[in-house]
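**Q** Chain residues, written in single-letter form:
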Amino acid sequence: MKCQLPNRDQRIDDFLMGKLSQKEADDYEIHLFGCPECLEELRIREQAIKLIKQERESLVADYAQRTSPKQRGGLTIAISDVFEKWAGPWVYVGAAVTVAIIALFARQLLQKEESGEHYADNFKPSASLESIMQQTPRSSSTSIAVISPKNDESFESNVFFKWEIRENEGETIGVLDLKIMNNQGTPIFSKRLEEWEFNLQDNLNPGLYYWTIERQGEMLYLGKFFIRKPAE
Amino acid sequence: MKDADQLRLVERIQTGYTIAEKELFLRYKGPIHWKVLRRIDTNIENIKDLVSEIYLAIIDGVRKPSFQPERWESLDAYVWGVTNHKINDWFKKQKVERRTIVGDPPSDDIATSTEEYLLETQELANHLRTLIKSLPSKYKEALDLRYFQELSIQEISAQLSLPPRRVSERIHYALKLLRKAFHKKFRQY
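Taken in sequence, the protein lines are chains U and F.
Under our numbering, think of the first position of the first sequence as 5, with each following residue one higher.
Under our numbering, think of the first position of the second sequence as 16, with each following residue one higher.
Sample of chain F residues facing chain U (criterion: CB under 10 Å; computed from the structure): (1) R42; (2) G45; (3) E88; (4) S89; (5) S152; (6) K153; (7) E156; (8) D159; (9) R161; (10) S183.
Computed from the model, here is a short list of chain U residues facing chain F with C-beta under 8 Å: (11) D13; (12) M21; (13) I34; (14) L36; (15) F37; (16) P40; (17) Q51; (18) I53; (19) K57; (20) V64; (21) I136; (22) T216; (23) E218; (24) E222; (25) L226.
Hints were generated in silico from the structure; no laboratory data involved.
Computed from a prediction, not measured in an experiment: that's the story for all the values here.
No residue lacks a Cβ here, since even glycine has one placed at the ideal position from N, Cα and C.
Construct all of the structure, not just a fragment, from the sequences and the given hints.
**A** In structure tokens form, the structure reads like this:
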């Protein structure tokens, strides 16, 4: 989500240049903890300022020799000045409006296709869970091979879970927890298992679901599957 | 804590969902590293230990039955508070004794994320160095006046005989060039 903080650009400069009171600086740091967009912008600017201060001679101090005020002007400067103006807020407003219109159309199309209110929202991937899936969950001592459901597999109703697990010498697996979450990461099902298969017969609503295999609180596997309406 | 998404994450951690703890770490690993490195200049092993301590303290705090989300304005504020407290604690310990690792070493996830963060910061600095060097002179001048000489927009405006609005646009545009080039190299979104 686009950051809505007022005077965002000025606030970054004030923070980096030590112009905020302790309370204002603390409040702004808390904002940074919840706003990746501002934190990234601040990190770029903070690093640039550090470089300018530490390596001024080699980085920026040559401008005085290269350009004198009399040399300013001409077509090049005129064009770049126009670009500067184009980089103003209206460019961002225009881009935001365009993106919003496209998103609105895409959403309406999806909803129309599925002919159900909020239906498309149930299939929206969770950014955080997808991010965790990209980092292969690992266990220091356990090797697991999932047979069903395969990632992104679709089901109409029952979901069959099955996996194989390799026990290391002298190790006993014990019981495992099968947990299922909806696409917002909210837990909806949990079952402790002593066998490595399970047939889920709950009637899940159409949507995207994530599931994990856990042992004593340690996540061994994270996968996902879809429940879709039967074809008409 | 009013944000529904943050409350849900807290509830899931309290219910024992390991994956929710991972989500919390992914969400806050950037700001925690940023805050630690901004305050402390030390070796990488100490950074890993401290980030690990912070993360474990955050999780322990949330897991406690006595944790009251309503006492905190947001999860961001809680995580920031624990981070701040642990950094201050680190300085206190530094004063009285040479710091040694206490408890378990950091997990692989935390150790890797610290290494990745430091590497990214180094790459960012290298990339920005090249970019700043290649900026047109008028943008270098604007950045120098603003960030090295620390002049206000009004002062720069007087020095360059430009309206304040144009000075702001020039600085803004210089920063935009840096940001754009940074995204092109480091980010896909």
